[in-house]
Amino acid sequence: MALPSQTPRSRFVLVLLVLTSLTIIFLTARDSSLASSARGLARDALGPVRTAGAKVSSPFGDFFGGITRYRKVKRENADLRRQLAVAEGKAAQAADAVRERAELLRLSGFPNPDAIPGVDARVLGGALSNLEYTIEINRGTSDGVKVDMPVVNGAGLVGRIKAASGHRATVLLITDPGSSVGVRLSTSGDVGLAQGQGPGRALPVRGIELSTKVSKGEVLVTSGLQGSVFPSGIPVGRVRSLASPRTGEVQRRLTMEPVADLAQLTFVKVLVWSGETGGS
Amino acid sequence: MSSLPSLREPSVPAVRVLRIVLVCVSALLLVLAFVSRLSLFGVRPDAMLLVTVLIALAEGSEAGTVAGYVCGLSIDLFLDTPLGLSALTYCLVGYAVGQARDRILPAFDHLPIAMVALSSAVGEALLLVFSRTLGNTSVLGPVHVAKVVAVVVLWNLLLLRPARWLVHRGLGGVRGG
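Here the protein sequences line up with chains V and E, keeping their order. What the first sequence shows, in our numbering, is residues 1 to 280, in sequence order. What the second sequence shows, in our numbering, is residues 1001 to 1177, in sequence order.
No wet-lab data here; the hints were simulated from the structure. It is possible that part of the hints are untrue.
Distance condition first, Cα-Cα at most 27 Å in a straight line; then the derived DSS-like pairs of lysine-lysine [to be verified]:
| # | chain 1 | residue 1 | chain 2 | residue 2 |
| --- | --- | --- | --- | --- |
| 1 | V | 55 | V | 74 |
| 2 | V | 162 | V | 72 |
| 3 | V | 72 | V | 216 |
| 4 | V | 162 | V | 74 |
| 5 | E | 1147 | V | 72 |
| 6 | E | 1147 | V | 162 |
Just so you know, these numbers come straight off a predicted model, no measurement behind them.
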């Protein structure tokens, strides 16, 4: 078998480019500001391409999504109408409780998630690789967005800001395996930690005591414990499964699914809130 | 890719390198605008890896290495993983595919599609393993890697025709391809 004549030259090019890549990796690992500056420039420069792509493809996605998921959408619509009727009744009853809660939070010095100012943002798309589970939004540091700020939608918690450039920001979704959220059971108040397992997979919740009463469908909200990047009381998920305790176990094994539909995000809100100061 | 590549080729001239860079940049723009919106079981296509493989199959190992580096570094700018990681992985894949083209492909007519599948699998697996080694906790264990690799191979085969059109048009006629 004959060898190509360019083998020594291509090998030289390979060695050169491998060494260059390794140098970039080590240089940016030592000084991450270099990588952040380069990435900020690139994202802001090509941001309009993502914005245009999102605007062009959105109607097609909605159209084809509507066709392929017609039966599911129809069923969801009927369910949502029923839920809306129930929710309207409960909302009237809850208005007084909400007012009392806001007053208690104010007196005790805890942040009220409903009163935290936010920056509305459009979702431009998902991550460009399978190395992280993120979304990109069209708001950045020039809009007041900073790293670690919580991101929510109408249903509940979506994630937190992982990186921000002038006019763009990356949101780490709560389902990313590198993400963990302190949660509190809405009934018992017991706290635990929900760890991401990738898209479409339920999040295991650890730290819930064995004696705690938990029911399927129960809502978990952010615990807002000291040091948490999330304020207390934001809905995160619903209990999806409860495993029977094994001998010797001291904690409940349960999983939750996010209340926010992370696969169908169009608009989100960045809460202008810092875990350290509790405000912007 | 249906015809067989030449075993003895001149080194890649500067104009050719410029065309390769233009193809990579065009691919990046398409990824930013449209491809990044595709998702199956939460897994996205690795179109930049696909373009690297196609350039390596069309032009050989030196062009494949350069294409891998340009594709990888350009996509690295839009990720939050270590800068240079995709560049390193893709240029290794580009070199290996180019070498395989010269050494193995002449013996088999239908191997390019198999080569795209195999190199997509190996490239994605390498990327995930390198990333995990450098501390990326978003990459879980072997089951997660296997799932991502399998879906990426499926995606890249689905995108093969448009990607091949882009590479062939961009390179303005492929040497040996």
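#### Entry: Hints violated by the structure (numbers, ascending)
2 and 4
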